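Novice: Could you build all of it, start to finish, from the sequences and the hints given here?
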Amino acid sequence: DGGITQSPKYLFRKEGQNVTLSCEQNLNHDAMYWYRQDPGQGLRLIYYSQIVNDFQKGDIAEGYSVSREKKESFPLTVTSAQKNPTAFYLCASSLQEGSYNEQFFGPGTRLTVL
Amino acid sequence: AQSVTQLGSHVSVSEGALVLLRCNYSSSVPPYLFWYVQYPNQGLQLLLKYTTGATLVKGINGFEAEFKKSETSFHLTKPSAHMSDAAEYFCAVSDTHGEKLTFGTGTRLTIIP
Numbered sequence: 207d208g209g210i211t212q213s214p215k216y217l218f219r220k221e222g223q224n225v226t227l228s229c230e231q232n233l234n235h236d237a238m239y240w241y242r243q244d245p246g247q248g249l250r251l252i253y254y255s256q257i258v259n260d261f262q263k264g265d266i267a268e269g270y271s272v273s274r275e276k277k278e279s280f281p282l283t284v285t286s287a288q289k290n291p292t293a294f295y296l297c298a299s300s301l302q303e304g305s306y307n308e309q310f311f312g313p314g315t316r317l318t319v320l
Numbered sequence: 303a304q305s306v307t308q309l310g311s312h313v314s315v316s317e318g319a320l321v322l323l324r325c326n327y328s329s330s331v332p333p334y335l336f337w338y339v340q341y342p343n344q345g346l347q348l349l350l351k352y353t354t355g356a357t358l359v360k361g362i363n364g365f366e367a368e369f370k371k372s373e374t375s376f377h378l379t380k381p382s383a384h385m386s387d388a389a390e391y392f393c394a395v396s397d398t399h400g401e402k403l404t405f406g407t408g409t410r411l412t413i414i415p
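Just so you know, the protein sequences line up as chains A and B, in that order.
Counting from 207, one number per residue, gives the positions in the first sequence under my numbering.
Counting from 303, one number per residue, gives the positions in the second sequence under my numbering.
Simulated from the structure, these hints should not be mistaken for lab results.
This one's a predicted model, so the numbers in the text were calculated from it and none came from an experiment.
Check before you lean on any hint, since a few could be wrong.
Stated by the list, open to error - Label pairs and their in silico Cβ distance ranges:
1. B:K371 x A:Q302: 26 to 34 Å
2. B:L320 x A:K276: 45 to 53 Å
3. B:S386 x A:Y216: 20 to 28 Å
4. A:Q223 x B:I414: 41 to 49 Å
5. A:G209 x B:G355: 41 to 49 Å
6. A:D265 x B:I362: 37 to 45 Å
7. B:S386 x A:S228: 24 to 32 Å
8. A:K263 x B:S386: 21 to 29 Å
9. A:P245 x B:M385: 36 to 44 Å
10. A:P245 x B:I362: 22 to 30 Å
11. B:S382 x A:T283: 27 to 35 Å
Stated by the list, open to error - A short, non-exhaustive set of chain A residues, derived as facing chain B with CB atoms under 7 Å:
12. Y216
13. G248
14. L296
15. E308
16. G312
17. G314
Where is the CB? At the ideal position from N, CA and C, for every residue including glycine.
Specialist: This is the structure we're talking about:
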């Protein structure tokens with residue numbers, strides 16, 4: 207089955223620690239995205255990548271980092287510089303070309319800072 | 303810059319009643335518009351999308367939406383609510399084939415038995 211997987215589903219972090227959230231897709235999509243979701247605020251774009259070895263900052267990139275070494279993978283690192291990291295994180299992907307590149311979403315990772 | 307406003311963060315309807323979730327957008331170019339649904343602790347699933355052509359768009363689970371350029375609206379409707387429709391709904395806009403989406407803040411739909 208084609209789709210997007212995110213791991214882990216739940217993640218707990220101590221203050222001052224960096225953590226990495228995994229996102230893998232087997233849809234052969236070119237573009238991948240990371241969003242942060244907070245109650246009442248909708249989804250906000252953290253980073254996105256349209257091609258391997260290239261990525262751009264979204265609206266709230268501070269305190270986060272990403273890499274795109276493989277087409278299938280787009281891990282997100284939440285660094286200790288992110289002051290309020292507790293949130294639900296969603297990864298998505300879309301075709302770079304083709305009609306109307308709708309985004310497909312993974313199941314999400316809920317990060318809690320202890 | 304593009305933006306989306308969803309009126310009503312919470313909407314409650316009785317089972318069998320009409321569902322109407324409101325979405326207004328702002329875009330400097332002809333928009334692409336999307337509605338997504340999210341069930342608790344899950345990712346988002348595409349309900350329907352408007353790109354070009356027919357302004358009345360039909361989606362999954364009996365939902366539909368109408369693009370009204372003069373009103374800059376893209377409201378989501380369903381004639382008869384079902385208990386399984388209880389979820390959070392997000393409207394989104396893009397001006398570049400959906401590569402970068404701007405989401406509204408969401409509307410939580412509750413179905414009253």
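Novice: A separate judgement is required for each hint: does it hold in the structure or not?
Specialist: Results for each hint:
1. B:K371 x A:Q302: 26 to 34 Å: Holds - the Cβ-Cβ distance for K371 of chain B and Q302 of chain A, about 28 Å, lies within 26 to 34 Å.
2. B:L320 x A:K276: 45 to 53 Å: holds, 47 Å
3. B:S386 x A:Y216: 20 to 28 Å: holds, 25 Å
4. A:Q223 x B:I414: 41 to 49 Å: holds, 44 Å
5. A:G209 x B:G355: 41 to 49 Å: violated, 28 Å
6. A:D265 x B:I362: 37 to 45 Å: violated, 29 Å
7. B:S386 x A:S228: 24 to 32 Å: holds, 30 Å
8. A:K263 x B:S386: 21 to 29 Å: Check failed, 38 Å falls outside 21 to 29 Å.
9. A:P245 x B:M385: 36 to 44 Å: violated, 23 Å
10. A:P245 x B:I362: 22 to 30 Å: holds, 26 Å
11. B:S382 x A:T283: 27 to 35 Å: violated, 46 Å
12. Y216: Violated, about 9 Å.
13. G248: holds, 4 Å
14. L296: holds, 6 Å
15. E308: The hint holds - E308 of chain A has a Cβ within 7 Å of chain B, the shortest such distance being about 5 Å.
16. G312: holds, 5 Å
17. G314: With a minimum Cβ separation of about 5 Å from chain B (threshold 7 Å), the hint on G314 of chain A holds.
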